[in-house]
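Colleague: As given, the protein sequences belong to chains S and E, one line each in that order. Counting with the numbering used here, you get residues 1 to 181 for the letters of the first sequence. Counting with the numbering used here, you get residues 1 to 181 for the letters of the second sequence.
Warning: the hint list may mix true and false statements.
[As the list claims (entries may be wrong)] Here are the simulated lysine to any residue pairs, SDA-like style, with alpha carbons at most 20 Å apart:
{"#": "1", "chain 1": "S", "residue 1": "117", "chain 2": "E", "residue 2": "142"}
{"#": "2", "chain 1": "E", "residue 1": "117", "chain 2": "S", "residue 2": "128"}
{"#": "3", "chain 1": "E", "residue 1": "117", "chain 2": "E", "residue 2": "128"}
[Unchecked claim] If you only want the chain S side, here are some residues facing chain E, beta carbon under 7 Å, derived:
{"#": "4", "residue": "45"}
{"#": "5", "residue": "47"}
{"#": "6", "residue": "53"}
{"#": "7", "residue": "79"}
{"#": "8", "residue": "81"}
{"#": "9", "residue": "87"}
{"#": "10", "residue": "88"}
{"#": "11", "residue": "119"}
[Stated by the list, open to error] Part of the chain E face toward chain S, derived, beta carbon under 7 Å:
{"#": "12", "residue": "34"}
{"#": "13", "residue": "37"}
{"#": "14", "residue": "38"}
{"#": "15", "residue": "41"}
{"#": "16", "residue": "43"}
{"#": "17", "residue": "45"}
For the record, the hints were derived by calculation from the structure and aren't laboratory data. Values in this document were obtained by computation on a predicted structure and should not be read as measured data. For glycine and all other residues, C-beta sits at the position ideal for the given N, C-alpha and C.
Residues per chain, in single letters:
2 protein chains.
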Amino acid sequence: MSGAGPGSLESLEAANLALYAAIETADFEAMSNLWVIGPDADSSVCVHPGWPAVAGRGQVLRAWALIMANTTYIQFFLTDVRLWIVDDVGVVSCQENILTGLDAGPSGGVAQMSGGKVVATNVFRRTPEGWRAWLHHASPVLATDDTDDTDGAASDSGVVWPGSDDNDPDYNDPDGREQQR
Amino acid sequence: MSGAGPGSLESLEAANLALYAAIETADFEAMSNLWVIGPDADSSVCVHPGWPAVAGRGQVLRAWALIMANTTYIQFFLTDVRLWIVDDVGVVSCQENILTGLDAGPSGGVAQMSGGKVVATNVFRRTPEGWRAWLHHASPVLATDDTDDTDGAASDSGVVWPGSDDNDPDYNDPDGREQQR
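Generate the whole structure from the sequences, applying the supplied hints.
Modeller: Encoded structure:
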């Protein structure tokens with residue numbers, strides 16, 4: 001472990017949490033400040049669940065702005081958080097357990113709550129100002145937990161994708177952290 | 001550009017292609033050789049479309065074995081391939097345009113072909129033996145191309161996710177490559 005300094009695992013975890021806090025609070029300025037600027041900004045990539053990639057800082061922030069504008073309420077409970085640092089790259093893999101409020105319609109307010117699971121890969125770059133988001137790939141977890149591994153599940157393309165073993169203690173340790181340097 | 005040497009963008013692209021060639025040919029040994037070994041192997045992560053993450057070399061390879069065993073025919077046409085190298089980390093973002101053969105049943109053979117789109121993030125580590133796969137995150141593209149950006153589409157969790165602009169020439173240039181060092 002490299003302590004709690006600006007390039008540490010703790011700071012990487014804090015940057016990851018800040019990303020989700022920005023979504024929860026619909027704080028576009030915070031989100032904007034979290035993404036890389038300068039020469040690396042053009043190579044920013046964002047994949048939102050069920051969508052193709054958007055690339056470049058402008059497109060990435062535009063997508064976040066649209067999500068914020070269209071989300072009445074959202075809260076993230078992160079599990080299976082895994083963090084690695086390799087040189088100046090920080091990689092976070094986590095499951096987003098999402099609680100969202102469905103819009104009540106023209107009258108406003110939240111009609112009902114809904115839950116969902118998303119798996120995310122977040123890649124950060126180490127900068128003089130701290131970790132900055134560079135790549136966010138989030139995808140829906142469509143498979144049900146009670147599916148036996150050997151059964152698999154046919155996707156739209158007809159491919160059978162195997163599941164993970166939920167009983168694997170190494171995989172499911174919410175406090176599991178690893179570091180690569 | 002750093003030329004065609006062992007750590008070059010060209011070699012990173014070759015490693016990425018080798019990953020898909022291994023799936024197409026159901027060559028488990030090739031796939032096994034493509035993934036990192038040693039201390040970094042435990043932190044390997046794979047997310048297959050619609051599924052949660054599997055972590056660790058054993059689980060990752062087990063998932064690939066199951067996919068290979070359950071896939072009659074699969075072919076990948078990669079578009080929107082983007083590659084970056086930061087220090088000893090290689091990142092590839094690409095769209096997998098997948099052609100699969102649906103099994104005819106007990107009589108064997110391919111009954112019919114089916115197409116699908118998947119967006120993938122592949123992270124490689126630079127090793128003395130060349131690039132080795134370390135993280136694969138693939139997710140289904142469920143959004144239709146004719147959806148207007150401002151319409152969005154409600155996911156299961158009720159969140160409206162914005163789409164990408166397919167007319168953005170920077171995003172859709174299939175030959176677009178960038179390098180970060």
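Colleague: Hints first: check each against the structure and report whether it holds.
Modeller: Hints, one by one, checked against the model:
1. 117/S x 142/E: Given that 20 Å is the threshold and the Cα spacing comes to 16 Å, the pair holds.
2. 117/E x 128/S: 38 Å, violated
3. 117/E x 128/E: It is violated: about 34 Å lies between the C-alpha atoms, which goes past 20 Å.
4. 45: 5 Å, holds
5. 47: This hint holds: residue 47/S lies near chain E, its Cβ roughly 5 Å from the closest one there, short of 7 Å.
6. 53: Because about 5 Å separates residue 53/S from the closest Cβ in chain E, which is inside the 7 Å limit, the hint holds.
7. 79: 10 Å, violated
8. 81: Hint violated; residue 81/S Cβ to chain E Cβ min 11 Å, cut 7 Å.
9. 87: 3 Å, holds
10. 88: 6 Å, holds
11. 119: OK, holds: residue 119/S within 7 Å of chain E, min 5 Å.
12. 34: 18 Å, violated
13. 37: 14 Å, violated
14. 38: This hint is violated: residue 38/E lies away from chain S, its Cβ roughly 11 Å from the closest one there, beyond 7 Å.
15. 41: 11 Å, violated
16. 43: 5 Å, holds
17. 45: 5 Å, holds
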